[in-house]
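Whole structure, please, built from the sequences with the hints as guidance.
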Amino acid sequence: MKRYLNIVWDAIVPSNPVLIIAIGLCSVIAVSNSVQSALLMTFAFSLVMIPSNIIISSMRRIIPEELRVPIFVMVIAAFTTIAVLISRAYFTAIYDLIKLYILLIVVNCIIIGRAEAFAYSHPVLESFFDGVGMTLGYGWVLTAIAVVRELLGKGTIAGFQVLPATFQPAIIMILPPAGFLMIGILIGAVENYLRKKEGKK
Amino acid sequence: MKVFTYSPGGTHLEEEKWTKDKVFVSLQPPSVAVIPLVQHTGAPNTPLVKIGDNVKIGSILGSSPAPISAPVHASISGQVIAIEDRLCPTGAKVQSVVIKNDFKDEWVNCEGVASLEEISPEEIVKKIRDCGIVGLGGAAFPTSVKLSPPVGKVIDTVIANGAECEPYLTTDYRVMLEYSDQVINGLLIELKVLKAKKGVIAVEDNKVDAAELLLNAIREKNLENLIEVVLVKTKYPQGGEKQLIKAILGREVPSEGLPLDVGVVVQNVGTLKAISEAIFEGKPLIDRGITISGTVIKNPGNYIVRIGTPVSEIIEQVGGLNRRLRKLIFGGPMTGVAQSSIEVPVVKGTSGILFFGEEAFTMAPEEETPCIRCSRCVDHCPTGLMPVLIDHAYRRNDLKLSESLNAVDCIECGVCSYVCPAKRHLTDNIKKAKQAILKQRRIEAAKKAAFEKLRAKKEQEKAQKEVGK
Amino acid sequence: MNFGEYLVDLAKIFVSSSIINNIVLIQFLGLCSYIGLSDSMSSSIGMSFAVIFVTVCSSILAWVIDHWILIPSNLQSVLQITSFILVIGSFVGLVQIYLRKTSPNLHKAMGIYLPLIATNCLILGVTFINSMNNYDLVQSIVEAIGASLGYAIALLLLVGIRERLRDSDVPTFFKGKAIAFMVSAIMALAFLGFQGMIR
Amino acid sequence: MNSDMVDLTISAAPHVRDKIKTPHLMRDVIIALLPATIGGLVIFGLRHTLGVIVVSVVSAVAAEYIGNVLFRRKNSIKDLSASVTGLLLALILPPTSPYWMVVVGAFSAILLGKAIFGSVGSNPFNPALVGRAVLMVSWTTFMTTWVKPFYWSGMGAMSTATMATVTGIDAVTTATPLSIIKFQGLQPLLQMFGSRSQLYLALFLGNRPGCIGETSVLLLLIGGVYLILRKVIDWKIPLCFIGSVFILSFIFGRDPIFSILSGGLFLGAFFMATDYSSSPLTSRGKLLYGIFLGFITVIIRQFGPYPEGVMFSILLGNMVVPYFDKLRPHVYGVFKRKGEA
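Residue numbers (this note's numbering), protein chains in the order written: chain H, 1 to 201; chain A, 1 to 469; chain R, 1 to 199; chain P, 1 to 341.
Where hints are given, some of them may not hold.
Unchecked claim - Some, not all, of what chain R presents toward chain P, calculated at C-beta under 10 Å: (1) Arg164; (2) Leu165; (3) Val170; (4) Thr172; (5) Val183; (6) Ala185; (7) Leu189; (8) Ala190.
As the list claims (entries may be wrong) - Anything over 12 Å on all C-beta distances counts as not near chain R; from chain H, calculated: (9) Ile54; (10) Ala78; (11) Phe91; (12) Ala144.
Worth flagging that the hints you see were computed from the coordinates, not collected in a lab. Ideal placement from N, C-alpha and C gives every residue a C-beta, glycine not left out.
Now the structure itself:
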C-alpha cells in the first residue's frame, strides 16, 4: 500500500504536473478565476485522467507500439466526451462558462503525457493511483490559485462572501492578466526552488 | 562664406581652446630621443643603424621595402645608445632607436627644389616617402600611399582638413595662421600629383580668422580658380574625414572603403605643411607642432617638438606641473590615448599632449549606471549607428548581431560615450566589437585561403597522377 | 440578414478573434507554444505561418464533418471530440508527408512546427468555437484566420519584448518562462483596452 | 622631477563626458511636471489632492526600495526615476482616489511595471500607466469618479445647478467632458460652458473635471516645451501623437480641437509616450510610434467602452516598440545594392 501512496504523493508535490513539469497551463490560467469552475474542471479532469490511465494500462500488452499514440488519443477523446456529457448534465451553469476548456481536456498534455510515460508501462493498480495523484496534483494547484483570485477579485470563495463588505474587490484578479500573473509568479517560485535544490547538490 | 555641415549626428563640445593665441615656440632638442621604428599605419621598419653609430639630424634610422610604410629619421644629432623595445603612445612596446644628444645640431645634407616645374609627380611621391611624411592628424597613414591611388581611380578633389574639432587642440589652427604659404604650397603639390581639378581648404567657423588669412593668401597668388576656402560648422566630429567629405561634397565614402573611392583625398593642414617643406627644403619629418595643454601644466601653449622627445623632457622645458598629474593624454580628449608613463616619446602622429589632475575622474567618470534608453547615442552618432544596441550585443558576446548592426562602420569618434547620461563605455565596447569582428574575418579569410590552397594542391596531385597513368 | 450586414458581421468576427478577444491573451489557447517559442524570432515567424495555415484548413475540414456528417446523423455530442481530433491529427500528418515529398524548402521552414501544432489546443479550440457559435463555413474560415492571426500577433509582440529583455537585468527569480508570463500579463492588461468594443 | 607629482591612470577614450547624468534628466521631468502639479492642486483643492500626490510618490519610492531589496540591486532611489513614476501616477488619478488605491497603484507600477524587468531602463511598458491600468480595470468606479473643478476650494466655477441639470449626476461626482461627449454628445457641454470657444478655453486652462494633472493643457504645454528645449525629450512623439489624434478625430467626424484638448492627451503625449524605456530609439521609429498611438487612441475613444484611450493606446504602443526600433537610421556609407534586400 505504501508504494501506491508514494505514487500519489509524488504526483501531488515532488513531480506535480502543473508546477514542476509546467504543462497543461491553458486550462489552469483560464478557469482559475473562480473556485467553482476550478472544482468542476478538476472533476472533469479526473473523469478523463483516471479511466484513461486504467484502460491504457490494462491494454498495454495488446496496443502495438507504432499505433499507440492514435489509440491513446482515441481513448482520451472517448472519456472526454463522457466528461463533457456528465458536466453538462449535472453542472450546466458552470459548464456553460468553461465548456471550451472542458472540451479541450482532450489535448491536455498531462493526460497524454501520463499515458505515454506511466500507464503504458505500469500495472493497472499503479496506473490508477497515478491517475488519482495527477488529479489531486492538478486540482490542488488549480484550486489554490482560484481561491486567491476569487478572494481578491470578488471577496468570495466558491460564491460565499468571505471578506467584509467594505472590501473593494480588485476586479483585475478575475480577469485574464491576473491569470498570467499568478502563473508567472508560481513558475518563478518553482524554478527558483529547483535551481536552489540543484545548487545544493 | 557658406557654412557647410553634415547630418545627422555629432554634438557641440566645450571648445577649451586655451592655447588659441599662443604662437608656436620651438622646444630645445631633448638630451635623449627615443624614436620608435613604427610611427605609421603599415609595415614595420627594420633598423638601419647599430648601437654606437653616430647620426645626424635627418639620418635614416629605419625603413622598409613594403609599399605601405614610411621611413623614420633621427631628430637630433648624436650617438645611438640602444635599439630596444620601448613604450609607445599607442600603449604597445615598439622597437625604438635611442639617441644620446651631442648638442652639435648637425644636419644631413638636405636639398629641395625651387619650383614645382622642375619635378615630376613620381619624383614628388618618392621624395615624400623618403622624407617619412605621414598623416599628422593622428592616423599617421603614409602620405605617399595616399598620393598613389590605384590605376583607374580618378581623384577630382583634395580637401585640406583644417577642421580641428577636438577640444583643447590648436595645432592645426596655428599652422594655418603661421604657415599659410606652406599649407597652400602643400595643397598645390598634392593637386599636381593627383591631377585633381580642385583643392578645398575646410576650416571650422570658430576659426574664421584663419579662413580669411588663407583666402587672402590665395587671392594674392591668383589661385582662386584652383583653391577654395570653405567654412564648416563647429561641431564634433566635423574634422572626421568621412564627415568632412559629406559636409562639403555631399558624397558618402562607401562602408569599409576609402575617400579615394569617391574621388577625394583628405589631408590634414599640418601634413600639407610637412609636404611643402619636404619638397621645397628637402626636410624630413623630424619635428612637428604640438598643443601642450590641460589643467596641471604650468605653461600651456603650442610648441614645435622634435619627434622622440619624451614627455618628461617636455614637462621640464615648459615649466613643470602645478599639481599632481593623474591623466596624460596623447591626442585630443575625445579620441586620444591615456598614457601609463611620462617616458613615452612624441611621435609623428602626436597632435597634442594633455595633462590633467584629479578632475579627470569627474570629466570622465569610470562608473557605469544602467542604460535608460534615452536614445541620445542614436541621435548623435555621426555614422547613423545604434551604439546602445551594439554595446548590448557586445556585452552578450553576440558578434553576429554586432556585425549586422554595422559595428565595423564605427569611426570611433567617442560621441556616443560623451552624450550618454548613464556614462556607459559605449565607444570602447563598440571599438572592441569592431576589432573582434575584423579579427574573426581575418581568421575566416585565412582558413578559406588555406582550404583553397589544400584543394588546389590536391587537384594538382590528382592531375599529376592522371598524367602518370 | 442582408449581404452588407453579413459582411459587417464577418468583420466583427475577425476583429473580435484577432484583437479584442485575442485567442492567446484573453482566451488562453495555444499557450504552450506561445511561451515556449517566444525566445526565438525566427521560429516564431515560422510557427505563426504554420499555425495560420493549419488552423484555416482544419476549420474547414471540421466544419464539413460537423455539418455534413455529425449533425445530420445526430451524433454531434457523442462523436464531435473524437472526430475533430482525429481529423486534425491526420491532416497534420498528411501535410507533413506531402511537404516533405513536394517542397523540401517549405518543409524545412514549416515542417518542424507541424508535430507541435497537432497538440496545439488553439487549432482544436477554434474548431470548437466555430461549432459552439454555429458559424457557417465562411464565418468559420474568418474566425480561423482571425484567431490564428491573433496568435501570431501575440507571439510576435512577446518575442520582440523578450528579445529586448535579453539585455536587461531581469531578476533570477523571473528569468526564463516566468518573465514571459509576466510580460503576457501586462499585454493582456493592455488588450483589455479593446474590451467591449463589440458587444 | 618629483615622482609623487605623477600618478597616472589609464582609461578608454573619450576622456571627457557630458555633464548630464541620469538623475539630471529625471529632475528635469519633475520640474516640467511642477506647473501641472501645482495647477492640479489649485484646480482641485489641497484637501485631498495633495494627499494623493504625496502618498503616490512616497509609496513609489518605498516600492522601489522593496524591489531593490527583493532582487538584490544597488540602491536606485537616488536616480529619481521612482519619484517620477510616483508623481506621474498621481497626476493620472482622479482627485478623489482613496489612499489605499493609490498605494496599490504605486506598488503595481514599480514592482509589476518596472522592478521585475530589471533596473531603470529595462521596463518595456510605462510603469505609471501599468499602475493606472491595474487600478482602472480593478476599481473602475473609483477611477471614473470625478469632482468639479474648485469643488474643494469652495469657488464653484460652474454652478452646481447647471452641472446637475445637464448631466443628471449628483453634485459631487460629475463626468469628464470626454465621457459626456461619449454618452450624451456635444450639446450638453455647449450648454454647460456657454459657447464653443468658452469650452475650448476652459479645456485649455484646465477648468474641467478630470485627473489631477491632466486638465490644464496650458500648464502641460509649458512643461512639455521646457523638456523639449532642454533636449530631455524629442518633439517627434508628442507632435505626431497629438497631430494624428487631431487629424483622425476630424476624419471620424469628431471635433478635432475638442479631441486634443480633452482627456489625458497632452499629459500622455509629453510625459507618458516619451518615457525613454518604453519608447523607440530611432527617429523614424518615434515618428511612426506617435502616429500609431494617435490612431489607437482615436479607435478606442470612438469604439471602445472607455471614453479615454490614451492610457491603453500607449500600453499597446509599448508592445510594438521593439518593431519600431527596427526602423534604423541610414548608416553612413552603407548602400543597399540592387538585387539585394
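Here's how the hints hold up against the structure:
no.	hint	in the structure
1	Arg164	holds (5 Å)
2	Leu165	holds (6 Å)
3	Val170	holds (5 Å)
4	Thr172	holds (8 Å)
5	Val183	holds (7 Å)
6	Ala185	holds (8 Å)
7	Leu189	holds (5 Å)
8	Ala190	holds (4 Å)
9	Ile54	holds (19 Å)
10	Ala78	violated (6 Å)
11	Phe91	holds (16 Å)
12	Ala144	holds (17 Å)
Going through the hint list in order, the structure does not satisfy hint 10, though it satisfies all others.
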